[in-house]
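*Asks:* Start from the sequences, fold in the hints, and give me the full structure.
Line by line, the protein sequences give chains A and B. Going by this note's numbering, the first sequence opens with residue 86, and the numbers climb by one from there. Going by this note's numbering, the second sequence opens with residue 11, and the numbers climb by one from there.
Hint data in this document are derived by calculation from the structure and do not stem from the laboratory. Ideal Cβ positions, reconstructed from N, Cα and C, are used throughout, including at glycine. Possibly wrong hints are sitting among the right ones.
Said to hold, decoys possible - 16 Å max Cα-Cα, derived EDC-like pairs, lysine to aspartate or glutamate:
#	chain 1	residue 1	chain 2	residue 2
1	B	LYS13	B	GLU82
2	A	LYS184	B	ASP69
3	A	LYS184	B	GLU82
4	A	LYS184	B	GLU113
As the list claims (entries may be wrong) - Computed footprint of chain B on chain A, listed as stretches where at least three residues anywhere in the stretch have a Cβ under 8 Å from a Cβ of chain B:
#	stretch
5	129-143
6	148-158
Said to hold, decoys possible - Pulled from the structure, derived: some chain A residues nowhere near chain B, Cβ distances all over 10 Å:
#	residue
7	LYS88
8	GLU102
9	VAL103
10	ASN104
11	THR106
12	VAL163
13	SER164
14	LEU165
15	GLY190
16	SER196
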Amino acid sequence: LAKTTQPISMDSYEGQEVNITCSHNNIATNDYITWYQQFPSQGPRFIIQGYKTKVTNEVASLFIPADRKSSTLSLPRVSLSDTAVYYCLVGDSHTGFQKLVFGTGTRLLVSP
Amino acid sequence: DVKVTQSSRYLVKRTGEKVFLECVQDMDHENMFWYRQDPGLGLRLIYFSYDVKMKEKGDIPEGYSVSREKKERFSLILESASTNQTSMYLCASSTSGGSNTGELFFGEGSRLTVL
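*Replies:* The following block contains the structure:
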């Protein structure tokens with residue numbers, strides 16, 4: 086299973102763009118990259134998923150370089166409510182993503 | 011909306027007690043999962059199931075068992091609770107195959123304290 090490495094924590098201010106990078110050097114051909122967000126006392130929530138290049142939705146963008154050994158979650162103009170833990174996962178679409186491995190995540194603190 | 015419901019938000023049990031944590035999902039998902047979450051360790055997979063009566067060990071199955079008699083229900087069992095099983099337990103479900111993203115839908119968690 087591909088292992089991921091993320092920064093333990095990041096600090097930002099309201100209105101700034103935040104980029105969280107995840108490395109996954111041994112990502113496999115069938116693996117997708119998925120990001121989750123978790124607030125205290127809640128289960129994680131799906132944010133975005135991609136395979137290569139760039140994916141954008143109403144919440145975030147995901148940038149994946151050609152070698153796919155890393156990925157960057159971009160949160161535009163963060164607010165206080167974006168304070169949460171963000172997890173990067175890699176998973177195999179052929180197995181239905183059955184054994185997604187969560188790391189320790191990145192704790193983002195957004196200040197006024 | 012997909013709903014994953016865990017039977018208890020907070021439980022306090024004594025060492026040696028048998029503990030049942032119940033999870034029900036209402037979206038006819040094939041896959042169901044049990045994770046535990048501890049400070050500094052992130053989420054760790056205990057067991058998962060991809061079909062009724064099927065189960066697979068995750069990364070930390072020791073001290074736990076599971077039951078999936080019906081598609082919508084996945085139970086986590088601690089046969090003899092120990093203090094090192096004090097944790098937040100999270101249930102999740104997902105659907106399989108095709109072009110799905112494998113998105114996991116989580117319950118709100120069950121915080122278990124073993125005294």
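*Asks:* Are the hints correct? Go through all of them and say.
*Replies:* Against the structure, the hints come out as follows:
no. : hint                : in the structure
1   : B:LYS13 - B:GLU82   : 11 Å, holds
2   : A:LYS184 - B:ASP69  : 9 Å, holds
3   : A:LYS184 - B:GLU82  : 19 Å, violated
4   : A:LYS184 - B:GLU113 : 12 Å, holds
5   : 129-143             : holds (count 4)
6   : 148-158             : violated (count 0)
7   : LYS88               : 12 Å, holds
8   : GLU102              : 25 Å, holds
9   : VAL103              : 20 Å, holds
10  : ASN104              : 21 Å, holds
11  : THR106              : 17 Å, holds
12  : VAL163              : 22 Å, holds
13  : SER164              : 23 Å, holds
14  : LEU165              : 22 Å, holds
15  : GLY190              : 6 Å, violated
16  : SER196              : 22 Å, holds
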